[in-house]
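Asker: Using the hints, position chain P against chain A.
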Amino acid sequence: MNNEAAYWIALAHLPRWGYLKINNLIIKFYHENKLTPEDFFQLSESEWSNQYGLGYKEIEDLKIAKSELANNAFLAESLFNEGYELIPITSPEYSKTLKNNLKTAHTPALLYMKGNKQIMTEKSIAIVGSRSASDLSLGFTDNIAKLASKEYKVVVSGFAKGVDKRALDSAIKYKGQSIIVLPQGIMTFGSGYKTYYKQIVDGDVLVLSVFFPKAPWKAELAMARNPIIYGLASEIYVAESSDKGGTWSGVTDGLRKNRLIYVRNPEPNENNANLLLIQKGAVAVDFNGMPIKELVPDEKQMIISLVQEPEINYEYNIIELLKTGEYGVKDILRKIQMNWTEEQLRDFLRTHKEVKSINKKPLRFTIKNLVSKQKSLFD
Amino acid sequence: MTRQEAEAILQKIFKLTRFYDEQWTTIEKILKGERVLLIEKTGFGKSLCFQFPAVIHNGITVIFSPLIALMRDQVKKLNSLDISAKCVNSEQTQEENTQIITDAKAGKIKILYIAPERQENSEWIEATRYMNLSMVVVDEAHCISVWGHDFRPAFKRIINLVNLLPKGLPVLATTATATKKVEADIAKQMGGNLTVIRGNLMRDNFKLFVIKVSAEDEKMIWLGKNLDKLPGSGVLYTGTRVNTEIYSKWFEQLKIPSVGYNAGLDTESRIAIENGLMNNQWKCVISTNALGMGIDKPDIRFIIHTQIPQSPIHYYQEIGRAGRDGQPSYIILFYNPEDRKLPEAFIEGGRPAITKYEKVINAIKNEMLGERDLMRRTNLKQTQIRVIKADLIEQKIIREVTIGKSRKFEYITHAPQLTTRTFEELRAAKTDDLESMIGYIETTHSRMNYLCNYLGDQVYGSNNNCDNTGLKKIKVIVTPEWTQKLQDFRDEYFPELEVETIGTNLVNGVAASFYGFSNVGAALHRSKYENGGDFPDFLLKLILKAYRNKFGQEKFDLILYVPPTKSGDLVRNFAVKVSQVLKFPISHNLSKHRITSEQKVFENAYLKADNVRDAFIYKIPAEIQGKSILLIDDIFDSSATIKEIGKYLTNLGALKIAPLVIAKTVGGDLA
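In order, the protein sequences belong to chains A and P. Note that the first sequence covers residues 35 to 413 in my numbering. Note that the second sequence covers residues 25 to 695 in my numbering.
Okay, chain A solo, but in the shape it has when bound (with noise of 0.2 Å):
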């Protein structure tokens, strides 16, 4: 794959393409043509837009991609020298476990990394929570950690203050193996590869990004990187949740794609969303992480959850066009082929918390806030 660095990168971030169109060309030429990169990008734009059905604005975006082919190079010499690995989706050291949470929708074509990539095929779990979470949440961190360590799982954490650097440093504190997940681009670490540098030595941590490898934090950034932790995770737990921001959509949004996923049972007097989540269907747990038996959901509701799975897929899909633009009902039906009525539809656009409605005749729905809005994690 290293030779062909400058073609991931370039196919990587295609400009507003999103993971999923990325990924269906991605297994178009690979897995059905049996094309590299190098040979797709050799095609001629003819050939782009007759085997492809590649319209003429993404014929410019393969354009412009492939005239800095060259500069990509100089970026992933770079990367290489300092010794950050590039794994594409059809790698066979691609993390499955995220390939199988995520799906073609969300898993990102490219990760960029540092360490002992090994990690990624362990058993891992994810301990999520707030920046400002209290003591008891920090110390059920602590302790999911501690356990996680001693049963040789590895803990994914997201480098955010709060929960996330608990997790990490108490997985560290307990000899155990972890993933950071960078809300920045893998070369922008700077001074983290000095502090967890023993620990990236020994093979205890591996760094992980999807961004543009000199993209600088942000807020958007850090929201984009959730699903990915939670994606990289066989297990989730969460330590402490309010009922908004990035924990309580990240897991609600979980729990309606029927993952798995632990909440530590509050406390009666707490002020957090726990309790809310358990409500949800979330599985309440012991501060060690053992299912309160009461609360665990029965299979019952699990096989009525799976049932309802393509639902889930029609809401990415109308969320993913709505971030297009302007649509009224019927557009929306004919463009995503879907069996819902004109009613459903505007009744669950109606209550969708992302969406907003344009009182223009007839009625419009767009996404309300694009920066603010988190993205659908699970498939």
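Hints are computed from structural coordinates only; laboratory data are not their basis. Wrong hints could be hidden among the right ones.
Stated by the list, open to error - Have a look at the derived ranges for each label pair, beta carbon to beta carbon:
| id | chain 1 | residue 1 | chain 2 | residue 2 | range |
| --- | --- | --- | --- | --- | --- |
| 1 | P | T407 | A | K133 | 47 to 55 Å |
| 2 | A | D236 | P | A646 | 56 to 64 Å |
| 3 | A | K133 | P | G288 | 54 to 62 Å |
| 4 | A | K133 | P | Q441 | 29 to 37 Å |
| 5 | A | A256 | P | N390 | 29 to 37 Å |
| 6 | A | D236 | P | G394 | 18 to 26 Å |
Stated by the list, open to error - Distance condition first, Cα-Cα at most 35 Å in a straight line; then the derived DSBU-like pairs of lysine-lysine:
| id | chain 1 | residue 1 | chain 2 | residue 2 |
| --- | --- | --- | --- | --- |
| 7 | A | K184 | P | K389 |
| 8 | P | K53 | A | K97 |
| 9 | P | K389 | A | K248 |
| 10 | A | K248 | P | K132 |
| 11 | A | K402 | A | K130 |
| 12 | A | K157 | P | K389 |
| 13 | P | K383 | A | K228 |
| 14 | A | K97 | P | K36 |
| 15 | A | K68 | P | K191 |
| 16 | P | K380 | A | K228 |
| 17 | A | K232 | P | K389 |
| 18 | A | K151 | P | K429 |
| 19 | A | K232 | P | K413 |
| 20 | P | K53 | A | K91 |
| 21 | P | K429 | A | K252 |
| 22 | A | K100 | P | K180 |
| 23 | P | K413 | A | K248 |
| 24 | P | K212 | A | K248 |
| 25 | A | K248 | P | K429 |
| 26 | P | K365 | P | K420 |
| 27 | A | K390 | A | K91 |
| 28 | A | K100 | P | K56 |
| 29 | P | K420 | A | K133 |
Ideal Cβ positions, reconstructed from N, Cα and C, are used throughout, including at glycine.
Answerer: Just chain P, lined up with the frame of chain A:
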């Protein structure tokens, strides 16, 4: 583009009428976006093979070249043809380099020369994101190969880059010196799809001579007698820095205009010397192998070696710059059987002991370290650290990374064990190369053919351009007159101590001798370490002579001496004697207020400087105010002690501090 069309452009832009066939073959491939390795002798016109396509292409052509002097020359030439060319290098200010990089980003530059080391610079890497790159050129491509004569680790990165470049982006690698083995290595490293174009390397305008001698004196005498008789100007290669100094003093005495050149000189001096050479200001430039590869002077009329190079390929490279204009040029090699000891020592000592590698690995395993920290942690010389570093990077045990603005070494997760196999292979190869070099001296056939054969060149016909094939052999005739001249020179020659630094009132001083010369080192060693009593009087006589030679009748207000670490009163007693003869008052008030270690324990300048930092104190500071001071010591090595005292005395108000020592060591690290 047809050749005819190309040649019309060539005429218009480069004012040349036609391409050589091999030039056109190369250019045609480049224009098609192919990759080429071009091996052609100096003077063939390799640069046109990338300059021409660079002008045709839309974007920028980046040329990685290790030779700053050559970059400068080519940029000048291209600019005179109205082609926008620039170079980025360490000799320019940061502002200049930044401006050039900005212009390159903006598409204002067609041809950009850049040193491979620049690949480590984040400003440059950042800029490469925005350049419209048309072609990459790797000049002096033999530097890629450890089997070549000038392997440079920075080229590794260039190769990695080349392998990442997209298909269709032309890449040209050029060299004037590559054996078949090096050629194969370069081709392999550059990946597939590479065409090798190899021209013939024969230089028939060379007149090759080997002068066998049995003593250093014979070399000096022959050169003293004959240098002026050689046509034009040229280069004398001496093997060591000390010898560049000795030869330049020798010629100075004989009133032959010459100048010494080595890698330790600052940029300004180097440029001045290179310019002087271009303008025939000197009969000869005396150099270690630091000079020459990059000098684009067409009429270098002679190249003389007083020391055999390590291999025929080194030799071919070093003589390669002579006679680019095709006119006859004299290529002379002196050989004293003793001479092979230097390259042998170089081969044997080329790599530090394995324990030192382990020391470095362990230090880096524990901590992310920069070079300076690493020198402090391991007490290894900078030169050794650099060799070890390059080997460990090559073996993928460590890597060099950028943290913020500084470079650090880090250990690679799951790194392999250190292996010495490649070291042994390389050493065996180098030993073979040295034997081949001796073979050049001993051969009774055409010397040019010998070199060409070695380089893997096709040799056609016979060459009658050496002292085995038609030219008269040179013999050294030593006359009593010249023996005396040389003796007089030796008696009057004292090594300079270069200690002048900004911010102190230190001036350059003088040593009575080099440590290893004649019996000086041995005498010092007896007194210091074998209970041999005070330094013998011949050293006193010698140092007084050195003093008069350097300072004439100048008077100093005060004599001080460097307080000892171990060897008792030797230096004190010696300084007292000097003071009695010169009749300058002596003071015993300079002392150490903390215990230091012997400087020789420390292998590198950082630790030496740390060892003596703020270690000295003068009892009655007022005595120093406004004084000129002669500072005496026995051995001058890294200059750290002298500089520390000089700084201290300057702060106390000394007007001038001049060091006077018995012996100067050779090869002080970072001195």
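Asker: Work down the list of hints and note, for each, if the structure agrees.
Answerer: Here is what the structure says about each hint:
{"no.": "1", "hint": "P:T407 - A:K133: 47 to 55 Å", "in the structure": "holds (50 Å)"}
{"no.": "2", "hint": "A:D236 - P:A646: 56 to 64 Å", "in the structure": "holds (59 Å)"}
{"no.": "3", "hint": "A:K133 - P:G288: 54 to 62 Å", "in the structure": "holds (57 Å)"}
{"no.": "4", "hint": "A:K133 - P:Q441: 29 to 37 Å", "in the structure": "holds (35 Å)"}
{"no.": "5", "hint": "A:A256 - P:N390: 29 to 37 Å", "in the structure": "holds (33 Å)"}
{"no.": "6", "hint": "A:D236 - P:G394: 18 to 26 Å", "in the structure": "holds (21 Å)"}
{"no.": "7", "hint": "A:K184 - P:K389", "in the structure": "holds (25 Å)"}
{"no.": "8", "hint": "P:K53 - A:K97", "in the structure": "holds (24 Å)"}
{"no.": "9", "hint": "P:K389 - A:K248", "in the structure": "holds (27 Å)"}
{"no.": "10", "hint": "A:K248 - P:K132", "in the structure": "holds (25 Å)"}
{"no.": "11", "hint": "A:K402 - A:K130", "in the structure": "holds (33 Å)"}
{"no.": "12", "hint": "A:K157 - P:K389", "in the structure": "holds (28 Å)"}
{"no.": "13", "hint": "P:K383 - A:K228", "in the structure": "holds (21 Å)"}
{"no.": "14", "hint": "A:K97 - P:K36", "in the structure": "holds (34 Å)"}
{"no.": "15", "hint": "A:K68 - P:K191", "in the structure": "holds (18 Å)"}
{"no.": "16", "hint": "P:K380 - A:K228", "in the structure": "holds (24 Å)"}
{"no.": "17", "hint": "A:K232 - P:K389", "in the structure": "holds (8 Å)"}
{"no.": "18", "hint": "A:K151 - P:K429", "in the structure": "holds (27 Å)"}
{"no.": "19", "hint": "A:K232 - P:K413", "in the structure": "holds (20 Å)"}
{"no.": "20", "hint": "P:K53 - A:K91", "in the structure": "holds (34 Å)"}
{"no.": "21", "hint": "P:K429 - A:K252", "in the structure": "holds (22 Å)"}
{"no.": "22", "hint": "A:K100 - P:K180", "in the structure": "holds (26 Å)"}
{"no.": "23", "hint": "P:K413 - A:K248", "in the structure": "holds (27 Å)"}
{"no.": "24", "hint": "P:K212 - A:K248", "in the structure": "holds (32 Å)"}
{"no.": "25", "hint": "A:K248 - P:K429", "in the structure": "holds (15 Å)"}
{"no.": "26", "hint": "P:K365 - P:K420", "in the structure": "holds (33 Å)"}
{"no.": "27", "hint": "A:K390 - A:K91", "in the structure": "holds (28 Å)"}
{"no.": "28", "hint": "A:K100 - P:K56", "in the structure": "holds (18 Å)"}
{"no.": "29", "hint": "P:K420 - A:K133", "in the structure": "holds (31 Å)"}
Violated hints for the displayed structure: none, as all numbered hints are satisfied.
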